[in-house]
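Full structure from sequences and hints, please.
Protein chains in written order, with the working numbering: chain F, 50 to 499; chain W, 18 to 330; chain E, -19 to 240.
Note that these hints are calculated values from the structure, not bench results. Beta carbons: idealized from backbone N, C-alpha and C, even for Gly. Some hints here could point you the wrong way.
One-sided excerpt, in silico: chain E residues whose CB lies under 8 Å from chain F [unchecked claim]: (1) ASP31; (2) LEU111; (3) PRO112; (4) ASP114; (5) ALA119; (6) GLU131; (7) GLY133.
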Amino acid sequence: MALTGVDIFKLLPKTNCKKCGFPTCLAFAMKLAQRQASLDLCPDVSEEAKQKLGEASAPPVMPITLGAGDKAVKTGEETVIFRHDKRFVNPCAFALEMKDTLSEAEINKKIEDVLNSEIDRVGQKLRINAIALVNDSNDAGKFEVVAKIIATKASAVPVILCTSNPQAAEASVKLFADKKPIIYGANPENAEAMANIAKTYKATLGISAKGLDELSDLTEKIKALGVADMVIDSGARKAKEILEHNTLIRRAAIKKNFKPVGYPVITFAQREDSLLDALVATIGVAKYSSIIVLSSIEKWKNVALFTLRQNIYTDPQVPMQVEQKIYKIGEPAPDSPLLITTNFSLTYFIVSGEVENSRMPSYLAVMDCEGLSVLTAWAAGKFTAAKIAQFIKESGVENNIKHRELIIPGYVAILSGAIEDKLEGWKITVGPREANGIPAFLKSKLAAKT
Amino acid sequence: MAFVPPKETYSGKVYAVNIGTAPCEVTFGGENVLPFHAFEGTTPNRPLIAYEVQDIPPTDWPESVQKPYRDVSNDPVSWAKFCQDTLKAKAIALRLIGTHPDRENRSPEDAVKTVKDVLSAINVPLIILGSNHAEKDASILVAVADAAKDKNCIIGKAQEANYKTIAAAAMANNLKMIALSELDINLSKQLNILITQMGFDKERLITDPMCSALGYGLEYTYSVMERIRLAALAQNDATMQPPMLGDVGMYVWKIKETQASEEDVPQWGSVEERGITWEAVTATALLIAGTELLIMRHPKAVEAVEKVIEELI
Amino acid sequence: MLIIGEKLSIIAKRVREAMMKKDKGPIQEIAISQWKAGAGMIDANIGPAEDGGEELMQWMVTTIQEVVPLPICLDTTNYKAIEAGIKVHNNQWGRALINSTSNDPERFPILELAAKYNVQVIGLTVGKGGLPADAEERAAIAAEIMARAMEYGVPIEDLYLDPLVLQIATSQDHALKVIKTIRMFQELNDPPMKTVVGLSNISNGCPKHLRPILNNYFLSLLIYEGLTAAIADPHDVITTVKTIDIILGRTLYAHSYLEM
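Right under this line is the structure:
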């Protein structure tokens, strides 16, 4: 069972020396309980405490970092079965499959695709995170040749070396020293050799098992051989099996604290049909895959999968925010209405949806209130007359419209006078309290005007 | 070390809902486990995908999804027949969007004629949808419910503002009904309670917790659906046991990602494939969250989702 | 358990109008009524009060304390209004309480006020953006606020931790998390930390007839877990407070205990 912050606190030196970077031992203990800090930060902790805490603070799903530097990705460390229970922690990584039987031109093209895959979405930089080199040729030499091309041309991109041949693994892993690659392909036949290579080159070992029993045996065996960093594959390939195995693995790790499957899951989603491959990946994103290997990475597919990953891994407690700016709905003209609301994404989606429904082109001013809804933002002092006035002035909307009328949400009707005082020359109109009143409101305004 | 599968059994079960008439009737729902969790319970019916058809030409749909229906979408009857005969649709969802006061403001009589014409032209089950204008839907859906009497159709959507009239009409004509609430699990439960308190049989209800498109609030719909399904199964909450609808097409084909051209946003790639993928990924995510009935638009997206369902069952 | 009377809030129309017109009548009437019903402190919620906040808070504090011998809970996000309120506060009736600081850097300066004027302060366990997911996260934020209070020179005996009650209609799972948090907060220090909740938020958005039911049953569970204070309507909750005190053996039973 996980220890509470107070349990951990009792084991700490209670000196409040701040060497860990936290203001008190209590604050540090709380962070440890959240797994947001590591015990190593405390230089004075006793051996006894270390032992007790080490056991208890090991996360149910081990964190694994793939790659090094800016493009490294952290996976695993999950603590819940459903995202609404708390949150999914480390977004899954997408990897592009690259067979070593491809021509050099094809390999170069794929490398280019990976390097150019980055997209910016709602302020986050999203990309294909890794290359999965597959030893389809069964030839260690060929594998090494392609690995060299990747190491040269995509030196910053994390790699997964997929081979069950220890010679091939060793020859190619050398090319990625200190870059935390994954060697995927440890099975009952080669476990010892692969474990030795992983240990020697500080690589993560990918377990390739046939079924959940074999998987549990293998991880235990390899752990005993001294390898701590693993990613696991139960052999599931069909969507049905992926869903079943991933669900059972996640439940066993979290609810039963069953350590042999407490590692990030790698899912091979490749299909001949690229769209189907995206849909199998969709299942992986939603249901517990930490690394997903794709057969191809067209731009239209990437943007959909990146968006899905972002949606599923959004923290349900942190309101999703939209960018502060003046949004155009339809094709507004200088005399179109101007409405204002906060940047809580759900508020934005609903308000903009209702403005769309009204079929009246409009400007919608969305103000940064840290993602709070209208009433909460007002109560927290983030959606106040002075702040609204400042936003409207700085937004430049005055250049786009010829009128000076701002429609505010009915919930903050109380602000209308104060905004008029602070926003000289403007008329403040109180809109409906609920968004579903917007179409009728806008229409009656239009009718009144004509 | 032996792996002991931590299986879950639940006390609750999702109602199986049967629509249409022989020989083309279809059943969805009926499972007593989370979606596609056949390894720990029973999942007797496959999720159903209905093709969306409208009473007026889809001029507001993006080009890529207008195109497959170019030759048929001028007329709801030929459009519906095309979906049934050429695309092998297992069900049709007829949206009477032309009745919306801001569209063509078509009358209940117009709507009744459209529904009758479509019903007599197809054999597969029909879902009849209003325009989501609460007030207008009340009069339209009452009229069409009568026209669809005993055809075992679904009508909807009943909302908090109009459920009484619509539920009464659905009951009188032996129809199934969709109950829509706005992305709030508690309001969804409340609406189902109010509807059943009228004497409406809860086993004839379909819950629509409100769809959202990928990138536009999908995570809210996803989690509301997962929570509804868990309430149905783990808490055996009868009010949350009707199957759920994902009205995917309508939400997906209005956002920027399904419309912006590749020239405008080169990093997003082909607009056509992007739109199809957007619809298929949204639908697949909702299937995983618990929806048993999908309404979709693009034939290629439907085809892909059918393939992934095939792999999941 | 301390009841902090919640009825003098700008959210209520009658109170808002009285504040705007500086009409003492309704304010004093409500204050007296809450005091008589069992409030041990009166909350003066003037909202963000961007304009004229200082003057308004001073007017509220003096208006209330003219007629009621109780300390005031100064409830606003406006730093200057709080300071102004403290300056006119009559400490003869007890020390004022500031509502509130939190883990949002914008609210840190509130602790300076608490230290400078030796008043008590509520620490709302939320950070910047986003709500705490569970009891553990709330306790972690509490530990940070406690550490910061000590840095600023506020004795942690003067800090009331507020777990932030959310609406049951939209955030049902948080009700139980808040109950667990109350227990956990107390464990953060010896003697136990003081705790406070904005009680009626639990039933915000619920039908009127359900609100007192939700408020009172929720409060009984919180009192059982050791809650120190609740911002609530004393008329609504006093029976629960007295009865739970009887059940927990904190008050000696007599047939007329409710009248005491």
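Now the hints, each set against the structure:
1. ASP31: This hint holds: ASP31 (chain E) lies near chain F, its Cβ roughly 6 Å from the closest one there, short of 8 Å.
2. LEU111: holds, 5 Å
3. PRO112: holds, 7 Å
4. ASP114: holds, 6 Å
5. ALA119: The hint holds - ALA119 (chain E) has a Cβ within 8 Å of chain F, the shortest such distance being about 6 Å.
6. GLU131: holds, 7 Å
7. GLY133: violated, 14 Å
Hint 7 alone, counting from the list given before, is not met by this structure.
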